[in-house]
Amino acid sequence: SQKIEQNSEALNIQEGKTATLTCNYTNYSPAYLQWYRQDPGRGPVFLLLIRENEKEKRKERLKVTFDTTLKQSLFHITASQPADSATYLCALPTPSGGYNKLIFGAGTRLAVHP
Amino acid sequence: GAVVSQHPSRVICKSGTSVKIECRSLDFQATTMFWYRQFPKKSLMLMATSNEGSKATYEQGVEKDKFLINHASLTLSTLTVTSAHPEDSSFYICSATTSGAPYEQYFGPGTRLTVT
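Here the protein sequences line up with chains A and B, keeping their order. Sequential numbering from 744 applies to the first sequence in this note's numbering. Sequential numbering from 1327 applies to the second sequence in this note's numbering.
Read the hints as simulated data drawn from the structure, not as lab findings. Beta carbons: idealized from backbone N, C-alpha and C, even for Gly. Treat the hints with care, as some may be off.
Here are the simulated BS3-like pairs of lysine-lysine, each with C-alpha atoms no more than 30 Å apart in a straight line [said to hold, decoys possible]: (1) A/Lys802 x B/Lys1381; (2) B/Lys1381 x A/Lys844; (3) B/Lys1340 x A/Lys746.
Far from chain A, by Cβ distances over 12 Å, these chain B residues were calculated [said to hold, decoys possible]: (4) Arg1336; (5) Ala1374; (6) Glu1385; (7) Ser1415; (8) Thr1437; (9) Thr1442.
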């Protein structure tokens, strides 16, 4: 079955540095991959979608890469701020498709310290 | 745009009672709505997919008679947890997609259910 792995340990970085989060997946080749942000006790918020034919995508201070050979996506936040502290979830569509159902990773918690 | 609301945000109920959670798309018509549950520090687990006017499609292992889903309109889906038990205590989250952006899911704020 499909599996998504995100670093379960929290990532602690200093304000102003670049945060890099990793998402690895196994057992299939998704047409796209998404990243979401989730704050405690809240629903996730969509951040970025990157398609299999795109190597990199940017949105303001966010950058996502997608390496279909390594089956890995990297999520970067440049010039990080304490307000960026949250859990970041990686999500992929299920192979069966249909209604664009997603499988989510467990997320990586990012803490940006002043 | 693309705001999804859930009601209630928190609910505490006694074991054996039923609880209904509403999910509304406030400023768009949702082609599909999804229901998830999430345990602390765990990933979101998809429970079912809901389309307006048709029966929900449940994921393997999810009891459809226990988790009743009604998608009455393009802006409203409800999840009813019937005969709730303490193990049903969880964070329930809905999401919706639009025809204009079918790959993005817009999530509600979630409902914290505690069954005593």
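Going down the list of hints, with the structure as the test:
Restraint check for A/Lys802 and B/Lys1381: the C-alpha separation of about 38 Å exceeds 30 Å, so the hint is violated. At most 30 Å may separate the alpha-carbon atoms for a hinted pair to count; B/Lys1381 and A/Lys844 meet this at roughly 16 Å. Distance hint between B/Lys1340 and A/Lys746 is unfulfilled; the C-alpha atoms sit about 36 Å from each other, more than 30 Å. A Cβ of chain A approaches the Cβ of B/Arg1336 within 12 Å, the least distance being about 9 Å, so the stated non-interface status is violated.
Its closest Cβ contact with chain A, about 10 Å, brings B/Ala1374 to no more than 12 Å, contrary to its assignment away from the interface. For B/Glu1385, the condition that its CB be more than 12 Å from all CB atoms of chain A is violated, with the nearest at approximately 8 Å. The claim that B/Ser1415 is not at the interface with chain A holds, since no C-beta of that chain comes within 12 Å of its own (minimum 14 Å). Separation of B/Thr1437 from chain A is inadequate, the least Cβ-Cβ distance of about 10 Å not exceeding the 12 Å criterion.
Consistency note on B/Thr1442: stated as away from chain A, and its beta-carbon is indeed over 12 Å from all of that chain's, at 20 Å minimum.
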